[in-house]
Every structure is written in structure tokens, then in C-alpha cells.
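For reference, the chains in residue letters:
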Amino acid sequence: MTGWGSLARDSGFTIGVAVTSTATVWGLPGQVAAAELYAVGAPLLAIALASSMANLRFFPMSLSLLPLFRGDPASWRWRYVFVAMMSVNTWAVTLRNGPSLPIDQRGPYFTGLSVTCIAAGVIGTAAGYHLAGELPFFVTVSLIFLNPIYFVFLFAGVRARNGVLALIIGTVLGPITHWLSPEWGLPFCGIIAGTAAFYLDRGLRGADA
Amino acid sequence: MPEPHELALWGLLAMVSLATYVWRATGVVIAARIKPDGRLSQWFTCVAYGMLAGLISRIMLMPVGILAHTPLVDRLVALGCGFALFVLCRRAMIPGVVGAVGIFMVLAALRGYGIL
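Going down the list, the sequences are from chains A and B. Per our numbering, the first sequence starts with residue 1, numbered consecutively. Per our numbering, the second sequence starts with residue 210, numbered consecutively.
Be careful, since some hints might not be right.
Over 10 Å on every C-beta distance to chain A, these chain B residues come out as not near it, computed from the model [said to hold, decoys possible]:
1) M224
2) M260
3) V286
4) G323
Cβ pair distances, simulated, as ranges [claimed, not checked]:
5) A:R202 / B:M271: 31 to 39 Å
6) A:V81 / B:R299: 36 to 44 Å
7) A:G112 / B:V231: 21 to 29 Å
8) A:P108 / B:L319: 45 to 53 Å
9) A:V164 / B:L216: 47 to 55 Å
10) B:L319 / A:G71: 48 to 56 Å
11) B:R300 / A:T116: 46 to 54 Å
12) A:V115 / B:L249: 29 to 37 Å
13) B:L216 / A:G112: 32 to 40 Å
Part of the chain A face toward chain B, derived, beta carbon under 8 Å [unchecked claim]:
14) L7
15) S11
16) I47
17) F58
18) P67
19) T116
20) I118
21) A119
22) A120
23) L167
24) G170
25) T177
26) G194
27) A197
28) F198
For the record, the hints were derived by calculation from the structure and aren't laboratory data. C-beta: ideal position from N, C-alpha, C; glycine also.
Build out the structure end to end from the sequences listed, making use of the hints.
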């Protein structure tokens, strides 16, 4: 989020808007799309649409996270708040560790994890905003590089076979579908890779049995 | 009293936040209507993984913004070194991340100072 703070400042965002967006949008690709389009003077509605598309991944993510909380009425009541706090990081970590926790502890676990991450994100944004232009290029660019690299190794720990297959197929397909259509490439990549992985896994399971 | 420019920014922020939350909330509405451990729910997890993998691989290979100013070979070499460390350290995440970003930072610094 430090890289985001610098970008937001360069795009003409005030510090209040930059920091608040980290907590309320809480989805970097959408924030970046909004800042870049705002900097070139795009119409507001176009900015909102583009950033919404960039954050489309939250739809399947929230769908696959919520079943973890389904059986606990105390957590289920907070479902609309939980999905607002969800990031790729807290989603992946909770999906991995949640199933082994007792059902009444999953909600508190997810909340603690998410609040910590949002707080760190907000602090990082403010730091990045103040440091913009003061750090040498190689430091700023490495902070930006940290983001995709972190996710690469987060997902390198995924064990479920259908998840691993979806990750491999998505990795190959992502750049191709993006090249074909920058706006619609990502949802298509997800649907094709996810469906292929789902059926491949079922087929292999049949072969295992 | 904030300037009009700043008011417009806050308005934009409200729209962008809402536009992202719509996806999260749609997920909730549908999650309440399908079987938690059913096939549909598993399929959506696969779609989410596929989408995220595609996004990350696109950022690594065809980045926009300041990452686009770094050579592809630097990003791939850093990723490769990180993976080597990851495997050597029995699939531990931290050595992989620190190794990859460390190598990348050294390469970017060497290029920045004209050594590479």
C-alpha cells in the first residue's frame, strides 16, 4: 500500500482521499485504475465503472469464503461486514486455516486478521504519500514489485488439487486473455481456468478411485 | 470549507467504494442461496483462483505503471531466485518473498546507477 500512497499523490489525490480509499475500496487494482483515469481527466462514471471491473474478483472470492461462516449464527450476522474487510491476503489465509478452526472461532479469526491488515494498509498508504518523490526509483519500484511477489508465494502454498490446477491454468491464460481484451480478459480467464480445473480435478478423482 | 476539487474527489471515492462493494455483496446474496460444500461453491473457488492467478501473471509479464519501466528479465530472474529459495527452505513463504524482492531491488539499483 506504500506504492499506492505514492501513486495517489502523483495522480492528484489528497491524503485524506488516498488513505480513506485504502479502507473503503480495499482493492488495489480498482484503486490504481481510479487514480490513473482521474489523472488523465476521465469522466467520473467511466472511472467508477473501470475500477469496479478491476475489482470483479471479489465476487467469486466472497462466494467461496462465506460458507466457512455459514454454520455459526453469530458470525453469519456479520457477513456483509466480513466481505467489506476481505482482501486477497485475508481471503487466501482464511480459506487455508479456517476449515481447521472450530466454527465459532472463524469469525473472530477473520476479523482480527482483516483489521490488522487494513490498519497496516492505511499506515502504509500515509507513509507512501509522504515519501512520494523522496525515495530513489529502485526502492519505490521494489515496493510495488513486493505486491505481486507476495501473492505468488501465498498461492504457492495452496494444496487442494483443483486450486493448484486453476492457478496453473490461470497463470498461462491471464496474459493471453488480457491481450485479447483488456476489459473482459480477467473474468474470462477466471471462468475458463476455474471450469477447466474443476472438471480436470473431478476427472482425476474418478481415475484415482 | 473544502474546495470544489476536493469535494469532487470525495464523491468519486464514494462511487468507487460502492462500485467495488457491489461485487462483494453480490457474492453474499448468492452464497446464502447455494449449498456450502456443494459443487457450485467449489467451482466458484476455482474461478477465484483462476482469476487471481491470471491477474498476477499479467502484472508480472505485462505490467502497467512504474513496474513497466523495469526489464522483463529482471522480474523473471528475481521470481526464479525466490522460487529456488522457497523450495530450498521447504516451501517457506518468507525466504521466497524476501529473496525475490531483494534480488529485484539489487538489479534495479545496479541499473539505476548505470552499472548493469
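- Query: Do R300 of chain B and T116 of chain A keep their Cβ atoms within the hinted range of 46 to 54 Å?
  - Reply: Cβ of R300 of chain B to Cβ of T116 of chain A: about 24 Å, so the range 46 to 54 Å is violated.
- Query: When the nearest CB of chain B is found for A120 of chain A, is that gap smaller than 8 Å?
  - Reply: 15 Å, violated
- Proposed interface contact between L167 of chain A and chain B, which counts if any beta carbon pair is under 8 Å: 4 Å, holds
- Query: If you take the shortest Cβ to Cβ gap from T177 of chain A to chain B, is it below 8 Å?
  - Reply: 7 Å, holds
- Does the hinted range 31 to 39 Å hold for R202 of chain A and M271 of chain B at CB? With Cβ atoms ~32 Å apart, the hint holds.
- Holds or violated: F58 of chain A as interface residue toward chain B, Cβ cutoff 8 Å? With a minimum Cβ separation of about 4 Å from chain B (threshold 8 Å), the hint on F58 of chain A holds.
- Message: Under 8 Å is the threshold here; is the Cβ of A119 of chain A close enough to any Cβ of chain B for the hint to stand?
- Response: 18 Å, violated
- Task: Return holds or violated for the Cβ distance of V81 of chain A and R299 of chain B against the range 36 to 44 Å.
- Result: 37 Å, holds
- State, for the Cβ atoms of P108 of chain A and L319 of chain B, whether the hinted interval 45 to 53 Å holds or is violated. 47 Å, holds
- Message: Can you verify the interface hint for F198 of chain A: is its Cβ closer than 8 Å to any Cβ in chain B?
- Response: 5 Å, holds
- Query: Taking the closest Cβ pair, is T116 of chain A under 8 Å from chain B?
  - Reply: 17 Å, violated
- Item | Per-residue hint verdict: A197 of chain A, partner chain B, C-beta under 8 Å | 5 Å, holds
Checked against the numbered hints given earlier, the structure breaks hints 1, 2, 11, 15, 19, 20, 21 and 22 and satisfies all the rest.
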